[in-house]
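Each protein sequence line maps, in turn, to chains B and Z.
Residue numbers for the first sequence follow the working numbering, so the first one is 1 and each next one is one higher.
Residue numbers for the second sequence follow the working numbering, so the first one is 270 and each next one is one higher.
Hints in this document: simulated from the structure, not taken from any laboratory.
There are no misleading hints in this set.
As a list, the in silico DSSO-like pairs of lysine-lysine whose alpha-carbon atoms are at most 27 Å apart:
#	chain 1	residue 1	chain 2	residue 2
1	B	LYS204	Z	LYS498
2	Z	LYS420	Z	LYS498
3	Z	LYS353	B	LYS6
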Amino acid sequence: MFERDKDDLRTLGIAIEVGSFDPLFSDESGYRIRSENYQLDLGKITSSELALLSLAAEAWQGAALEHAAQSAVIKLNSLGIPADTLEIPGVPLKLSNSATDLNTITDVIATSDFLSFNYIATDLTVRSRTIIPFALSNNNGFWYLTGVDQEILEIRTFRLDRIHGELVKKHNKEVFEIPTDFDIFGSMDTTQHAIATIDVRKGKGFSLRALATSIIDLGEWDQLSIPIVNRETLTSQILWHGLDVYVQEPSDLRDYLVSQLQALILNHE
Amino acid sequence: MSKEMSAPLSRTARLLDLVPYINTHQGIALKDLAKHFDVTPAQMIADLTTLWMCGLPGYTPLELMDLEFDSGYVTIRNAETLAKPRAITFQECVALVLGLDLVMGQFPAERQDLMTSARSLRERIARQLGVPVQLQATSSVSNEVVLAINKALNQNSGLLIQYHALYKDDVSSRTIKPIYLYELNGQRYLRAYCFSAMDFREFRADRIMQAVHKEVPHGISSHQASEEKIGFGISIKAATRDIAERFGIVDLTENKDFSLTSYSRQWIERSVLASGSGVVITSPSYIRDSVIKSAQQLLDRYEHS
Numbered sequence: 001m002f003e004r005d006k007d008d009l010r011t012l013g014i015a016i017e018v019g020s021f022d023p024l025f026s027d028e029s030g031y032r033i034r035s036e037n038y039q040l041d042l043g044k045i046t047s048s049e050l051a052l053l054s055l056a057a058e059a060w061q062g063a064a065l066e067h068a069a070q071s072a073v074i075k076l077n078s079l080g081i082p083a084d085t086l087e088i089p090g091v092p093l094k095l096s097n098s099a100t101d102l103n104t105i106t107d108v109i110a111t112s113d114f115l116s117f118n119y120i121a122t123d124l125t126v127r128s129r130t131i132i133p134f135a136l137s138n139n140n141g142f143w144y145l146t147g148v149d150q151e152i153l154e155i156r157t158f159r160l161d162r163i164h165g166e167l168v169k170k171h172n173k174e175v176f177e178i179p180t181d182f183d184i185f186g187s188m189d190t191t192q193h194a195i196a197t198i199d200v201r202k203g204k205g206f207s208l209r210a211l212a213t214s215i216i217d218l219g220e221w222d223q224l225s226i227p228i229v230n231r232e233t234l235t236s237q238i239l240w241h242g243l244d245v246y247v248q249e250p251s252d253l254r255d256y257l258v259s260q261l262q263a264l265i266l267n268h269e
Numbered sequence: 270m271s272k273e274m275s276a277p278l279s280r281t282a283r284l285l286d287l288v289p290y291i292n293t294h295q296g297i298a299l300k301d302l303a304k305h306f307d308v309t310p311a312q313m314i315a316d317l318t319t320l321w322m323c324g325l326p327g328y329t330p331l332e333l334m335d336l337e338f339d340s341g342y343v344t345i346r347n348a349e350t351l352a353k354p355r356a357i358t359f360q361e362c363v364a365l366v367l368g369l370d371l372v373m374g375q376f377p378a379e380r381q382d383l384m385t386s387a388r389s390l391r392e393r394i395a396r397q398l399g400v401p402v403q404l405q406a407t408s409s410v411s412n413e414v415v416l417a418i419n420k421a422l423n424q425n426s427g428l429l430i431q432y433h434a435l436y437k438d439d440v441s442s443r444t445i446k447p448i449y450l451y452e453l454n455g456q457r458y459l460r461a462y463c464f465s466a467m468d469f470r471e472f473r474a475d476r477i478m479q480a481v482h483k484e485v486p487h488g489i490s491s492h493q494a495s496e497e498k499i500g501f502g503i504s505i506k507a508a509t510r511d512i513a514e515r516f517g518i519v520d521l522t523e524n525k526d527f528s529l530t531s532y533s534r535q536w537i538e539r540s541v542l543a544s545g546s547g548v549v550i551t552s553p554s555y556i557r558d559s560v561i562k563s564a565q566q567l568l569d570r571y572e573h574s
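Full structure from sequences and hints, please.
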């Protein structure tokens, strides 16, 4: 059996076992496909579950994994279960398409290989990063990829539209264990950040309100407690809201804000 | 199916999927089958001809699959070995799990039954991945709402929205005139003139539960909600990703000038302010003056307290 054929089978998603299975020629290495690995086994699928999966596949219409979603539905339809029609009000949501190749990304996640790409940093410099990716998410149309950065050996998340150029896959020979202490569903841990006390006029500053861990009603204004995850980003958000927002503390945030305003005025002279 | 899969390989994949499909759809019209697998009828006939020669070792007519498709309708017999559909691939699992996530977000509250079966399904499919990959898709902004907002922005018209105020936790009906959509920290916000509050307001797009067209009076303090595109010029003092994304400039370089346009004077002023020391607005002068004035007012406030 040629190696190429085995690779082809793996590409088709068919799990094979390599070894010697011939009792007469034990030194002859071969491979076999176990039927339990070959056959679809999702337990008992009901008609309404089939309808749900069709809807799930529809979410990919026009987006990167459309083909994968469609071929999954063909397999599921082959189970011979009549599908229900589900009446779900509202226009079905679609997964946004990404300029970045999700096919390659899912392949790399499947094999725990290395993925290298150029990433645009906050200062617009482009740096090459190599990660072993293990989580993929889409939030309100933005795609995020999480993996272990091989340079610093820490978990980092990247927004796919900030990847510049090609994705390069490299084979990883080591065994990779997916970190279990990372939770894509959990909100960002904000306990370790300093807290800013910021006054926001009622009915204004929604993007700041969304970041608040607590809100005190002051009448015409509300007082928000906001974790300072990134001083520059927060300052920019505060400035965006102009006179509707006022920073009470900490003083280093106020100082930074004031320095930005002074520089802005000076730049305009 | 993976994009990199070669043509012969993707054909093999199709052949493997054809057998179980025909097995449960006996007598299906050839043209329907071709359409279902997204190939031409001629390709489908070629595929079926290939399958017709397949079977288990022994290779006598007894072991071959028995396919009938001359009549234009396809039936299959003697295909037990390949009759079970293939296991879904890693990529197919990923596609289904993320798709299910989105679908789950769309269920009306009274359909808890759907939620329960979708959750169990998601779990079963995720288990097929074989590794504890984390996947998640959420979209709290409905397509319908975004479409309605964009339409109103393009036509300079109004909207009647149902808005869920997070901190009051109630839903109110408001008539608004959208001014611009902007994005911060992966969330979309809508700046609009609110006729209910008689003032400008910001709405988080994912809290707008419904939006429909509504006629609104024209010319609400027209200098704030401009009717025409405003051309403006900026000069870059610090090239940052924030600034590049805020102004939508691909080739941002320090000390370079850019000519841009926007429908909203407010948006221009706020974007320049938010860029702090990084951006200088060069034209038009009335917006430039207004930015300097706002910055000075802010500065005074901090320096006098």
